[in-house]
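> Here's the letter readout for the chains.
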Amino acid sequence: MALIELQDVSKLYGFGDATTLALDEVDLTITKGEFVAVMGPSGSGKSTLMNLIGLLDRPSHGDYRLDNKAVARLKTDQAAKIRRDTIGFILQSFNFLPRLTVLENVALPLAYKGVSLSRRTKLASQMLERVGVQNREYFFPSQLSGGQAQCAAIARALVNNPKIIIADEPTGNLDSSGSRLVMELLSDIHKLGNTVLFVTHNPELTRFATRVVYMHDGTIIHDEQTALGQVAPKARKVLYTIPATSEEDDLEGVSVMMKAFPHKEAPPPKRKKATDKSTRRKKRSVSRRKKAS
Amino acid sequence: MPHAHLRAGWDSVRGAKIRSFWTMLGIIIGVASVITVVGIGEGIKQEIGGQIHHLGQNLITVRPAQLLNGNSAGSNSPDLIPGFSISTPLGIKDINAISHTNGVTASAPLTIVGGAVRGDHGMYRNGFVVGTTSDLPGLLNQSLQYGSFFSSDSYDMNVAVLGQNASNALFNEDVPLGRSFTFHGQQFVVEGIFNQFTTTPLSQQANFNNAIFIPNQVAESLSKNTAPTYEMLARPAAHEKASAVIARLKTALDQVHGGQSGLSVQSGNQDLTASDQILELLTRLIAGVAAISLLVGGIGIMNVMLVSVTERMHEIGIRKAIGATNRQIMSQFIIESGILSLIGGVLGILLAFFADFMLRTFSSLHPAISWQVVVLASAVSLLIGILFGTVPAIKAAYKDPIEALRSE
Ligand SMILES: Nc1ncnc2c1ncn2[C@@H]1O[C@H](COP(=O)(O)OP(=O)(O)O)[C@@H](O)[C@H]1O
Ligand SMILES: [Mg+2]
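Chains as they are written, first to last, in our numbering: chain A, 29 to 321; chain B, 5 to 412.
Possibly wrong hints are sitting among the right ones.
[Stated by the list, open to error] As a list, the in silico EDC-like pairs of lysine to aspartate or glutamate whose alpha-carbon atoms are at most 20 Å apart:
id	chain 1	residue 1	chain 2	residue 2
1	A	Lys-97	A	Glu-33
2	A	Lys-109	B	Asp-404
3	A	Lys-219	A	Asp-203
4	A	Lys-97	A	Asp-36
5	A	Lys-103	B	Asp-157
6	A	Lys-191	A	Asp-216
7	B	Lys-403	A	Asp-105
8	A	Lys-97	A	Asp-113
9	A	Lys-191	A	Glu-165
10	A	Lys-103	B	Asp-404
11	A	Lys-60	A	Asp-45
12	A	Lys-60	A	Asp-203
13	A	Lys-60	A	Asp-91
14	A	Lys-191	A	Glu-212
15	B	Lys-399	A	Asp-105
Simulated from the structure, these hints should not be mistaken for laboratory data.
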């Protein structure tokens, strides 16, 4: 049964000469229980797609049915409530309110739902135990390692018992062991029947997914089912060309991957240093400006 | 649900103590200064006597319409009380008309008799002698410390009741009951001594603690009917309406004078004397200053909250991503500024109590901080926080979640 149904969905940013077409008539249907990896170069519209699916944003054109309900034109507060009850968000980093403890952060979605303090503390605590960071409940987010922080973010995403988990580059700032930890956790959640969507630049991580969606320039250029535990066939080509060990290599790998699709022109390989988040951010805004001009 | 916002608001306050302090500073200073100045004004008011409360609303006063404060050049009667003169005092006919008017249960004239009073220490210069009747203490709600007020039976006897200052000035004893003093060559026996007067029924300048009270009839005969009656006090019967009695009194007095009596008949002490007017003005001035300083405090809160909203964009983004509605974000920020402002108000109140203590110890002022002012100040500061927190809260609530998440 289709849980997420996007039909001819487009998203435009800005107006006039500065208009960017972030998504270009995207059709995508995701059924309950799928574990979808979204890959593609920077600026290809992956985050925009995740934000639309997660009801953080509205499509400029097209239809979106979530759980058989038309949600493309919802009022912001209605969208917020559906988001609260059916979607769990995991961001690349800075997931938390720095002045609240980890436990309070994890319990926050329940507070917006109106759950009593004692109950939400209990539920949040259980969830932290499930992701393996129960001994860090009273730490502040800044005192967690990257892997622990992402596990806690998963706990917060799960605390409302949502139907869909959306993770935009959840391993983007993690080392390989942190990535493994996070992916195995998402895998467990998927095995319990949840629908999980995640964005990644690392072809290796497609082995956790049941389906891989490749994006380029705001469109889906390839969509394939994969067997659990195996790197997706298209992604494997990339993997064999350049072994992915660092984020920079990941980016490069994606560029090489794009070359693997003869029907689309691949973007020039990106050679800039992208070792930390700030340069990443800069790079993204540079590419945005390029598009705009 | 609200306690979740309360919690969120409180967490932010707790987390940013220094900034919170600066936010509150305007409110702290505003509330403290307003309470202190109001307290000082209230203290002064209490010291010079709250005559309006004590005289009561169902006391009727009859006095010449042109009763003047300050020296009037055209006055033909002597200035028996400094700064207080009168053109046309009440006559004996007026006094009788008033006491016999239907619905008047008690009445007393206030007649001033000139002349020297001689006691243990010789001449008593600071006081004045008032001719009146036995109803006076009841009309003024004034109790006696020692002895009793002369009864209506003693209307033609040389008896006297003293104000406290007069008693101290005339005699060596603390309780000079039965002692006598000389006035117009006659001996007067002291029958009673008043408690401290908190009211000044005649004028601010006439301190009744300095006065000597004798029967009106005696006063008139001593002065050969020249002593002026400045005022007549009357109380309407319990079942009568003051306004009805006032109307009847006016007609009766007009009849006495064959037309316009030139007397004013009022309930309570409606006409404020000069110092009351100054206090009134002062109170309004304080209210103005209060409004301005609280406005400044409110704008301060708004500014800091706007900065805070900008700084906490990422937080707003996270809250929205996990399902906070615009309304929930808005409540959070409004409650936050409300809490900040209320804490500022409470600190301001504490500061005001400290200032009050300092003024009492190191100056002659006796500020009076009433609980009403404290409650009002708290309520107003909470209200200001909510009011001036609204604009920043709306700014936070309608922020696009993705844009908010993007910002650091
Ligand atoms: N708020 C925005 N304003 C203008 N352009 C935007 C905005 N958000 C995204 N874009 C543009 O939309 C395109 C897709 O962005 P995004 O979905 O973030 O890509 P990805 O996540 O795949 O890197 C990019 O060209 C980007 O510059
Ligand atoms: Mg992205």
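> Next step is simple, just say for each hint if it's right about the structure.
Results of checking the hints against the structure:
1. Lys-97/A with Glu-33/A: holds (10 Å)
2. Lys-109/A with Asp-404/B: holds (16 Å)
3. Lys-219/A with Asp-203/A: Answer violated: Lys-219/A to Asp-203/A is near 24 Å, above 20 Å.
4. Lys-97/A with Asp-36/A: holds (17 Å)
5. Lys-103/A with Asp-157/B: violated (89 Å)
6. Lys-191/A with Asp-216/A: At roughly 14 Å apart (the allowed maximum being 20 Å), Asp-216/A and Lys-191/A satisfy the hint.
7. Lys-403/B with Asp-105/A: holds (12 Å)
8. Lys-97/A with Asp-113/A: Distance ~14 Å between Lys-97/A and Asp-113/A Cα, so the pair holds.
9. Lys-191/A with Glu-165/A: violated (25 Å)
10. Lys-103/A with Asp-404/B: Answer holds: Lys-103/A to Asp-404/B is near 13 Å, not above 20 Å.
11. Lys-60/A with Asp-45/A: Violated, because 40 Å separates the two Cα atoms, which is more than 20 Å.
12. Lys-60/A with Asp-203/A: violated (30 Å)
13. Lys-60/A with Asp-91/A: Within the cut-off at roughly 19 Å; holds.
14. Lys-191/A with Glu-212/A: Distance ~19 Å between Lys-191/A and Glu-212/A Cα, so the pair holds.
15. Lys-399/B with Asp-105/A: holds (15 Å)
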